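Asks: Protein chains in written order, with our numbering: chain A, 2 to 228; chain B, -16 to 224.
By construction, these hints were calculated from the structure, which means they are not laboratory data.
Everything numeric in this text was worked out from a predicted model, so none of it was measured.
Do not rely on the hints blindly, as some may be mistaken.
[To be verified] Each computed DSSO-like pair below joins lysine-lysine, with the alpha-carbon atoms no more than 27 Å apart:
(1) B:184 with B:221
(2) A:128 with B:87
(3) B:115 with B:87
(4) B:87 with B:28
(5) B:52 with B:28
(6) B:87 with B:52
(7) A:128 with B:115
(8) B:221 with A:128
(9) B:52 with A:128
(10) A:128 with B:184
(11) B:184 with B:87
(12) B:28 with B:57
(13) B:87 with B:57
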Amino acid sequence: MAYPFDFSSLDRRNLEILGEGMALSLEITGVAVVIGIGWGTLLATMRLSSRRPLRWLAAGYVNLFRAIPLVMVLLWFFLVVPRLLQRTLHLPADTDLRLVSALVAFSLFEAAYYSEIIRAGIQAVPKGQLAASLALGMTYGQSMRLVILPQALRHMLPLLLTQAIVLFQDTSLVYVSALADFFGQAYGIGERDGRIVELLLFAGATYLVMCVIASRMVQRLARRVGR
Amino acid sequence: MIHIEDVSKSFGAFQVLDRCTTAVARGDVVVVCGPSGSGKSTLIKTVNGLEPFQRGEITVDGVSVGHPKTNLPKLRARLGMVFQTFELFPHLSVRQNLTVGQVKVLGRGLEEATVRGLAYLDRVGLLAQQDKYPGQLSGGQQQRVAIARALAMDPIAMLFDEPTSALDPEMINEVLDVMVGLAQDGMTMMIVTHEMGFARKVATRVAFMDHGRIVEDSPRDLFFDAPRSERARAFLAKIFR
């Protein structure tokens, strides 16, 4: 017997709730991309530094985060960081730090991946560019900021955006903390209405459509940048 | 203005520079030549501290390049340098290439920097290209922009590291013409090049290098008419065949 699909749970009220969930997913993605690229750029320049302690520190950070499953990082931040923050900042016990700790966890985690992309981008810029900017009298920092990084980021833009698409999918992992992101809301509605299969199909299709469209846009951009 | 005194540099056992001594006085045009791998490019890059060296001393306008307390960025801002592969900044327009150093290093206002930059761009005959990006220019044009970029910093001397070696033959002269013009205006220059016809025309002195040593360092006419060393004679014989 065929499974009796029933999509009546996708009514207007529930779609609004799902929309709020999507807004949260996109918010986490956006914040983690911006902070991840910023912190990742710093980590990448540290790894390429001539100072050994900086190199080691950055390499340790990157390897640590790349060796731990994302869901564990999230759990750690949910379980440990809020309490730490609450204790050190003397916040009231009922402050909801779940979102903050999710944002922090994703940002720190993604920075490890972004730093590797950006490091490759920096290394792909011809060495003569650094020599030329130093010869003009720029400091090492100015050379990086004004000459090397703009070129590295431009070359790596398609990869950085592809990583952002992966990150968008990974935000669904915040369900471990019962944060109401898109996936969490879909799951919640499905469970409440006894329509888990339908809701998860809908959620999956939504992720699929959004990611395929985004990937296409990245491909087009990559062709333009590559020219 | 530039004094190179007993400078040595080695990578492990390989001696890149071996007790090199020479000098470039104000208004001098010193051409450094010699076979590939003789250390010419390394030598010219030690002058603005792009290549560190282990022994000896280099001073530019009285400032010691190798001294750990020397403010290298400040020193480099006073020396123009032109590279074999141009090294314009590809993400910046020609005009931005001309102004970025003036604004960020010398602290000039963008307006003043643009006026100066464009004056030098005009001088190398490329004023019409100011809005283009380096990738849209020919090699010869890129190198002329690179020279204008260096000149816009008002350098006390110019260093050229094989400025025509990466160019197609038909573009070499447009770059050399700009350099001849600079020499005639009295710019102090140190030039690594294989263009011996150019050297014969504008050099005040020629330094000939081989295996990391300055084998010969003579006034131009003496170098071309009566080279003292066997190596320089052989080198010239090959070039002026």
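Asks: Sort out which numbered hints this structure fails and list those numbers smallest first.
Replies: The structure breaks hints 8, 10, 11; every other hint is satisfied.
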